[in-house]
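Engineer: Residue strings, one per chain:
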Amino acid sequence: MAGDKRRILIQLDGDKHASTFDRVVAIDAGVDELFTCQQVTPEDVAPLVHGAIFTRGVDDLKSTAIFVGGSDVSLGQKIYDTVRKTFFGPMRVSVMLDANGANTTAAAAVLSAGKHLDLSATQALVLGGTGPVGQRVARLLAGQGAKVKLASRSMDRASVAAKSINTFLQYDRITPVAVSSDAELVAALKEVDLVVAAGAAGAELLPESARKQASSLKVAIDLNAVPPAGIAGGDVMDKAKDRAGVITYGAIGVGGLKMKIHKASITKLFETNDLTLDAEEIYAIGKTLI
Amino acid sequence: MAGDKRRILIQLDGDKHASTFDRVVAIDAGVDELFTCQQVTPEDVAPLVHGAIFTRGVDDLKSTAIFVGGSDVSLGQKIYDTVRKTFFGPMRVSVMLDANGANTTAAAAVLSAGKHLDLSATQALVLGGTGPVGQRVARLLAGQGAKVKLASRSMDRASVAAKSINTFLQYDRITPVAVSSDAELVAALKEVDLVVAAGAAGAELLPESARKQASSLKVAIDLNAVPPAGIAGGDVMDKAKDRAGVITYGAIGVGGLKMKIHKASITKLFETNDLTLDAEEIYAIGKTLI
Amino acid sequence: MAGDKRRILIQLDGDKHASTFDRVVAIDAGVDELFTCQQVTPEDVAPLVHGAIFTRGVDDLKSTAIFVGGSDVSLGQKIYDTVRKTFFGPMRVSVMLDANGANTTAAAAVLSAGKHLDLSATQALVLGGTGPVGQRVARLLAGQGAKVKLASRSMDRASVAAKSINTFLQYDRITPVAVSSDAELVAALKEVDLVVAAGAAGAELLPESARKQASSLKVAIDLNAVPPAGIAGGDVMDKAKDRAGVITYGAIGVGGLKMKIHKASITKLFETNDLTLDAEEIYAIGKTLI
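Residue numbers (our numbering), protein chains in the order written: chain A, -19 to 270; chain B, -19 to 270; chain C, -19 to 270.
Among the hints, erroneous ones may be present.
Here are the simulated BS3-like pairs of lysine-lysine, each with C-alpha atoms no more than 27 Å apart in a straight line [what the hints assert, rightly or not]: (1) K243/A with K42/C; (2) K192/B with K(-15)/A; (3) K(-15)/C with K(-15)/A; (4) K267/C with K240/C; (5) K58/B with K248/B.
Read the hints as simulated data drawn from the structure, not as lab findings.
Build out the structure end to end from the sequences listed, making use of the hints.
Structural biologist: Right, here's the structure in full:
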């Protein structure tokens, strides 16, 4: 009987040591057996997937699933793509991509913003928008109908990222902006309802001076957990905290929802054998939780 | 109480990533805890075995076992031999060798043949007979009393393999044959009841032209799962299918029985602490399943 | 509810293959999920610890713990120190150091001696005293009030080790002695009640000739499991065996208690989230078992 099979999650991780974070969450999400594979490259993927799809009957394949993690999101994306290419016909298992927590973090950030804003009528600015989390935040916001300025210090990189997401979404809601000075930041913030800072740890993306001039700002979300803050004046623990009329979230304030989404997504993997959970699917799962 | 101990299987695998196939089968065979060790060399074996034999009381040692896998059968054989040499007196656990699935595949092939033939009165031809699966097929057939022609394109390699198996079995039922041309193939097929193709993927070992002249042939088993077929005219899904009077099996047709044998062998490991499961023992377990 | 969380043990091991010994003991001590990390360096530690402390609520952190093993005790010590430095405030889990079994072995040896001697009034000689087990035996004996001669063939190394332990304990009960000849051994044994041999495998630390002149000796403990014996005339199986008036223990004679201490310590890790189990704490746990 299908229901008798233990739930096996195959963790594919490119790092030297597979994430213990992802391992604990998998266990707490009800996985029975976790098969950890680390230092995984796209070339390693096929036999690892074959072991998943050739061992159990088709009716039992929903009790096996694959999680792609690791700190390198671009490598994770390649592994995830290779996993899906290795499937054929009904010979497939559900698979989730959450390298560096990028998908669950972006989903939690956008869902947090959506508690306070009508996203379809929102003008958003994503700072650190070319990074793995930033790109996913921009993509999810645009997917909800928001107009998004994707910001980077480099206009070239911002343009490449914006174009890539617009192509992916097949509509044109993302505009690249360069923000290498306070003046550019203030200009970028004009008419913006929502700002999300998704840069690398250690960089202050929105200083106090510029922030004070963001008169239209309603919601500010800072995904940086390590000092200094990505958005000056906030706190990592902020969770819908009113700071001078702006609802602010810090990384830990968003973290509780992120964790719920991560767990719910893992649990969901075992409902059928054909789920492919990337940013949008993980966002949709998150939406059912709030 | 002995019965309270969780069943631990220590998987020794020489590959970069231990086989997920073997991992899933172990779990589905009732293993409680799988300790996966990969990139294992014979030099690594002793302390890994010591951890198995020095941790539980002698009465509980049957709840720990070792599985030797990996894609390299010759390396697996060395690891298996080293494991057994590391045991002493009652300080031992059951151990199974199934690198690259060679033992379970060979056992399933010979058991499938035995459903249709009296093996003790069979004349068999094993194509790709010098490979790891081919040698085991020849060995098991000879062990059941069959006369076996072990075929290779190289007479030298066929002779070495045939001699090695005859020495192992202590009787002389295996004859080397060279089959580098259609004419040699036709000659080799003379009076043959059973042909098994066990070559590397991608090689057609028995073309249509030669096969048609095999007038005595009753059973044909092709263990190659990847096109082109090892035996022309068959299909990978064939399972005792009558093709012009010849009962044919393809790799997947044999695969169901192979999987049953694999699982039953793993389960068997935990009945006592002194089993050593190589080709013959695995064949004997398979015999109880059909 | 906290009680619902599965008990996760994160095994940090510097060897190529993490110890299967430690893995089996963890399972038999009631660990539900073992996360094995091998080839661990101190530089790898922080993210592995973050995964332990950032995934479960503070009330549930007691269901996650860390075990530091591996054959290199000095590396294990560095990993253990780094683990503890990575914790902050309530964000911590219990952690145990038992690289190469040094702490549990030393605890078992000293507890065995304490069954026959008032340790606070004991004069002890630790042969192989500069090794990882020897240093811990000396440290535990001194901690119980014994006067300890820490012996090595090199006076320099003995002095360094003795000074380091005296500094650690903040009193001055350990004296270095050089024992490179029989005469020096005999002199070192003068007025000694207890001798513990904790040298590397293969070295006879106390030959028959010197041992016979140890007229005050009451207890002899040899922790070497591999022939030749570290203390001539004993047997690896000795367990409080009277040999010419001297109560003797061999490595296996001490091993049963060592194993009990190891298991009890692992179990203890899951009672609160703030235990740090090094030699003294493990000794204290052992004391409750005898």
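Engineer: Are the hints correct? Go through all of them and say.
Structural biologist: Each hint, compared with the structure:
A distance of roughly 20 Å separates the Cα atoms of K243/A and K42/C; the hinted pair therefore holds under the 27 Å criterion. At roughly 46 Å between alpha-carbon atoms, K192/B and K(-15)/A are farther apart than 27 Å, so this suggested pair is violated. Distance check on the hinted pair: K(-15)/C and K(-15)/A sit about 21 Å apart at the alpha-carbon level, within 27 Å; holds. At roughly 11 Å between alpha-carbon atoms, K267/C and K240/C fall within 27 Å of each other, so this suggested pair holds.
The hinted pair formed by K58/B and K248/B meets the criterion: a straight-line CA distance of about 23 Å does not exceed 27 Å.
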